[in-house]
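First to last, the sequence lines map onto chains R and B. Everything in the first sequence is counted per the UniProt record's numbering, starting at 1 for the first residue and increasing by one. Everything in the second sequence is counted per the UniProt record's numbering, starting at 1 for the first residue and increasing by one.
In short, the hints are calculated from the structure, not lab data. Just so you know, even glycine gets a beta-carbon here, dropped at the ideal spot from N, CA and C. Incorrect hints may have been included.
Calculated cross-link-like contacts (lysine-lysine; reagent style DSS-like; alpha-carbon spacing at most 25 Å) [claimed, not checked]:
(1) Lys96(B) x Lys70(R)
(2) Lys62(R) x Lys163(B)
(3) Lys62(R) x Lys149(B)
One side of the interface only, derived from the structure: several residues of chain R facing chain B at Cβ under 7 Å [unchecked claim]:
(4) Val15
(5) His19
(6) Glu26
(7) Ala27
(8) Ala61
(9) Thr68
(10) Gly77
Now for the letters of each chain:
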Amino acid sequence: MARQIKLVAACGAGVNSSHQIKDAVEAEMKKRGHNVKCDAVMIKDVNEDLLNDYDAYLTIAKTDLAFTPKIPVVEAGPILYRIPAMAQPVYDEVEKICKKIEAE
Amino acid sequence: MLTATKKGLFADDAVFISSQSDKEAVIREVYQKLLDRGYVKGDFIEHILERENKYPTGIDTSPISKDLPNVAIPHTEGEFVNTRMIVPIELTHPIKFNNMIEPDKELDVKFLFMILNNDPEGQANILAQIMDFLNSTPVDQLTKLFNLKSTNEIYEFMADHFKQD
Numbered sequence: 001m002a003r004q005i006k007l008v009a010a011c012g013a014g015v016n017s018s019h020q021i022k023d024a025v026e027a028e029m030k031k032r033g034h035n036v037k038c039d040a041v042m043i044k045d046v047n048e049d050l051l052n053d054y055d056a057y058l059t060i061a062k063t064d065l066a067f068t069p070k071i072p073v074v075e076a077g078p079i080l081y082r083i084p085a086m087a088q089p090v091y092d093e094v095e096k097i098c099k100k101i102e103a104e
Numbered sequence: 001m002l003t004a005t006k007k008g009l010f011a012d013d014a015v016f017i018s019s020q021s022d023k024e025a026v027i028r029e030v031y032q033k034l035l036d037r038g039y040v041k042g043d044f045i046e047h048i049l050e051r052e053n054k055y056p057t058g059i060d061t062s063p064i065s066k067d068l069p070n071v072a073i074p075h076t077e078g079e080f081v082n083t084r085m086i087v088p089i090e091l092t093h094p095i096k097f098n099n100m101i102e103p104d105k106e107l108d109v110k111f112l113f114m115i116l117n118n119d120p121e122g123q124a125n126i127l128a129q130i131m132d133f134l135n136s137t138p139v140d141q142l143t144k145l146f147n148l149k150s151t152n153e154i155y156e157f158m159a160d161h162f163k164q165d
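So here's chain R without its partners, still in its complex pose:
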């Protein structure tokens, strides 16, 4: 299997939204055959150092960061609705990142 892809999801409290996105993305990427691990953190803990450990950053909202991340940023908020048609474009974007890394 290709190397594990490390994602990080962030939300205000690091409790509910980020965990929901973590669970959903891990499950869907596994289903699509990718080896993905996603951590859930609080937005206030997101900085350049933290993001250095990850392949992509999943956000809930268009939150302004004080810096420009070097890794891909995916707006994952639509996943929260649990409506497949809304979640699919987000999953596709994450999968595109997975495939790119796996091809390296």
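Add chain B to chain R, keeping to what the hints say.
Structure of chain B alone, referenced to chain R:
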């Protein structure tokens, strides 16, 4: 707390109808009662208000149904609460909350599902369960819920209709 009736994620003494007219006032009103009943800690209030201002929790329900009023899911970190539950709060007058996904947009919100969660890893995700509840309950039933006249009726509705894991 000893006299509360509980079912799943709900307790009959943690359901509210508020006639406040702004989000800080309604959160403060509910906080005081949750504190008295031992569900949250004293520093809960400053943290939940700070979160709501920085990272709002309003949910635009129009993707679920155009006929459904908007909701919000105010919450804060697990260290400031003593339990894992959902606190339903009906708003007599719709109150403005900012949209979780597009924070610069305001929403008129009619009902709150305040999440108290001191165990985010442990069990099925509470927010996912709330969204599944909104997606799977017919709109006319939700509209009825959002306009019930007593907290006891709201408790009974949630205990009956909310799918528990």
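Practice task
Using Cβ atoms only, decide whether Ala27(R) comes closer than 7 Å to chain B, and label the hint accordingly.
Solution key: Interface hint status for Ala27(R): violated (11 Å vs cutoff 7 Å).
Handout entry: Proposed interface contact between Glu26(R) and chain B, which counts if any beta carbon pair is under 7 Å
Key = This interface hint is violated because 12 Å lies over the 7 Å limit.
Exercise for the section: Closer than 7 Å between Cβ atoms is the bar; does His19(R) clear it against chain B? Give me holds or violated. Expected result: With a closest approach of 5 Å, the His19(R) hint holds.
Handout entry: Evaluation of the interface hint that places Thr68(R) against chain B, nearest CB under 7 Å
Key = Violated, about 19 Å.
Problem - Interface hint status, Ala61(R) versus chain B (Cβ within 7 Å) - result: The hint holds - Ala61(R) has a Cβ within 7 Å of chain B, the shortest such distance being about 5 Å.
Problem - Hint validity - Val15(R) Cβ closer than 7 Å to any chain B Cβ - result: holds (5 Å)
Handout entry: Restraint status (C-alpha distance of Lys62(R) to Lys163(B) at most 25 Å)
Key = violated (31 Å)
Handout entry: Restraint check for Lys96(B) with Lys70(R), where alpha carbons must lie at most 25 Å apart
Key = This hinted pair is violated, its Cα atoms lying about 35 Å apart.
Problem - Evaluation of the interface hint that places Gly77(R) against chain B, nearest CB under 7 Å - result: holds (4 Å)
Practice task
Could you grab the alpha-carbon distance between Lys62(R) and Lys149(B) and see if it respects the 25 Å cut-off?
Solution key: Violated, at about 38 Å.
When held up to the earlier numbered hints, the structure conflicts with 1, 2, 3, 6, 7, 9 and fits the remainder.
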